[in-house]
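Chemist: Now for the letters of each chain:
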Amino acid sequence: DVKVTQSSRYLVKRTGEKVFLECVQDMDHENMFWYRQDPGLGLRLIYFSYDVKMKEKGDIPEGYSVSREKKERFSLILESASTNQTSMYLCASSLSSGGRQPQHFGDGTRLSIL
Amino acid sequence: GNSVTQMEGPVTLSEEAFLTINCTYTATGYPSLFWYVQYPGEGLQLLLKATKADDKGSNKGFEATYRKETTSFHLEKGSVQVSDSAVYFCALTLIQTGANNLFFGTGTRLTVIP
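Just so you know, the protein sequences line up as chains X and F, in that order. With my numbering applied, the first sequence closes on residue 117, and no number is skipped along the way. With my numbering applied, the second sequence closes on residue 94, and no number is skipped along the way.
Note that these hints are calculated values from the structure, not bench results. All C-beta atoms, glycine included, are put in the ideal place defined by N, C-alpha and C. Please note that a few of the clues may not be correct.
[Claimed, not checked] Every beta carbon over 12 Å from chain F, so not counted as near; a handful from chain X, in silico:
1) Q9
2) G19
3) V22
4) F23
5) E25
6) G66
7) S68
8) K73
9) E75
10) R76
11) S78
12) L81
13) E82
14) S83
15) S115
[As the list claims (entries may be wrong)] Calculated pairs, DMTMM-like style, for lysine to aspartate or glutamate (alpha carbon to alpha carbon, straight line, at most 25 Å):
16) K6(X) <-> D64(F)
17) K58(X) <-> E33(X)
18) K73(X) <-> E33(X)
19) K40(F) <-> E56(F)
20) K6(X) <-> D110(X)
21) K21(X) <-> E59(X)
22) K36(F) <-> D4(X)
23) K57(F) <-> E(-12)(F)
24) K32(F) <-> E49(F)
25) K32(F) <-> E56(F)
26) K6(X) <-> E22(F)
27) K40(F) <-> D110(X)
28) K73(X) <-> D29(X)
29) K16(X) <-> D54(X)
30) K58(X) <-> E75(X)
31) K32(F) <-> E33(X)
32) K40(F) <-> D4(X)
33) K16(X) <-> E22(F)
34) K48(F) <-> E(-5)(F)
35) K16(X) <-> E33(X)
36) K48(F) <-> E(-12)(F)
Here chain X stands alone, though its shape is the one from the complex:
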């Protein structure tokens, strides 16, 4: 089975801090994704990556950056955390095969910015 592991289930940080969310997958997937999930808004794509050192903006990239130095690891960075970034963050990965493959998700990180 595919395993997508997010480093923290719960995280509390302060406004203005630099925050790192880590995600690791063990199935050699080319694609990795970061979403945030908010009540009534569903899942929104922040950034994705289709290869090492490659990244693309999703729908809501403002206030975030990402890093993919190794194929199995995709990090989401909040450069200067703000209270409106309090949310559930979900990481996902998938094979690159023209769209027929599903994405596999981690258990999520519930981030609170105080």
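Since chain X is already given, all that's left is putting chain F on it; use the hints.
Modeler: Quick look at chain F alone, frame taken from chain X:
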């Protein structure tokens, strides 16, 4: 553009009742369709998928048929259990090169009461 519309929740059913959660989509290309389920406190899990018109995806007693003529992918289960209580997301991805971005509906919360 590409989007998914699913029925508003929450949905509350008695155990053994019949479940339908409606999902319709718009897509600029030829999509693959998915249903994901999110149990409390967890990430999203793939429930079922269909990659071409008239395909029926099925898993754990749930079914959905890819209807190109009505652009729909409704989720059904003949007899729900308390353990089916979760949030259900309909999603599509397009067959294309590069990362297979998912477009999600906003989710439908299902509660099954004994």
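Chemist: All the hints need checking, so say for each whether the structure fits it.
Modeler: Going through the hints against the structure:
no.: 1; hint: Q9; in the structure: violated, 8 Å
no.: 2; hint: G19; in the structure: holds, 28 Å
no.: 3; hint: V22; in the structure: holds, 19 Å
no.: 4; hint: F23; in the structure: holds, 19 Å
no.: 5; hint: E25; in the structure: holds, 15 Å
no.: 6; hint: G66; in the structure: holds, 20 Å
no.: 7; hint: S68; in the structure: holds, 17 Å
no.: 8; hint: K73; in the structure: holds, 17 Å
no.: 9; hint: E75; in the structure: holds, 16 Å
no.: 10; hint: R76; in the structure: holds, 16 Å
no.: 11; hint: S78; in the structure: holds, 17 Å
no.: 12; hint: L81; in the structure: holds, 20 Å
no.: 13; hint: E82; in the structure: holds, 23 Å
no.: 14; hint: S83; in the structure: holds, 27 Å
no.: 15; hint: S115; in the structure: holds, 15 Å
no.: 16; hint: K6(X) <-> D64(F); in the structure: holds, 23 Å
no.: 17; hint: K58(X) <-> E33(X); in the structure: holds, 12 Å
no.: 18; hint: K73(X) <-> E33(X); in the structure: holds, 11 Å
no.: 19; hint: K40(F) <-> E56(F); in the structure: holds, 11 Å
no.: 20; hint: K6(X) <-> D110(X); in the structure: holds, 10 Å
no.: 21; hint: K21(X) <-> E59(X); in the structure: holds, 21 Å
no.: 22; hint: K36(F) <-> D4(X); in the structure: holds, 23 Å
no.: 23; hint: K57(F) <-> E(-12)(F); in the structure: holds, 18 Å
no.: 24; hint: K32(F) <-> E49(F); in the structure: holds, 12 Å
no.: 25; hint: K32(F) <-> E56(F); in the structure: holds, 18 Å
no.: 26; hint: K6(X) <-> E22(F); in the structure: holds, 13 Å
no.: 27; hint: K40(F) <-> D110(X); in the structure: holds, 21 Å
no.: 28; hint: K73(X) <-> D29(X); in the structure: holds, 12 Å
no.: 29; hint: K16(X) <-> D54(X); in the structure: violated, 30 Å
no.: 30; hint: K58(X) <-> E75(X); in the structure: holds, 14 Å
no.: 31; hint: K32(F) <-> E33(X); in the structure: holds, 23 Å
no.: 32; hint: K40(F) <-> D4(X); in the structure: holds, 17 Å
no.: 33; hint: K16(X) <-> E22(F); in the structure: holds, 21 Å
no.: 34; hint: K48(F) <-> E(-5)(F); in the structure: violated, 32 Å
no.: 35; hint: K16(X) <-> E33(X); in the structure: violated, 31 Å
no.: 36; hint: K48(F) <-> E(-12)(F); in the structure: holds, 22 Å
In this structure, the earlier hints numbered 1, 29, 34 and 35 are contradicted, and the remaining ones agree with it.
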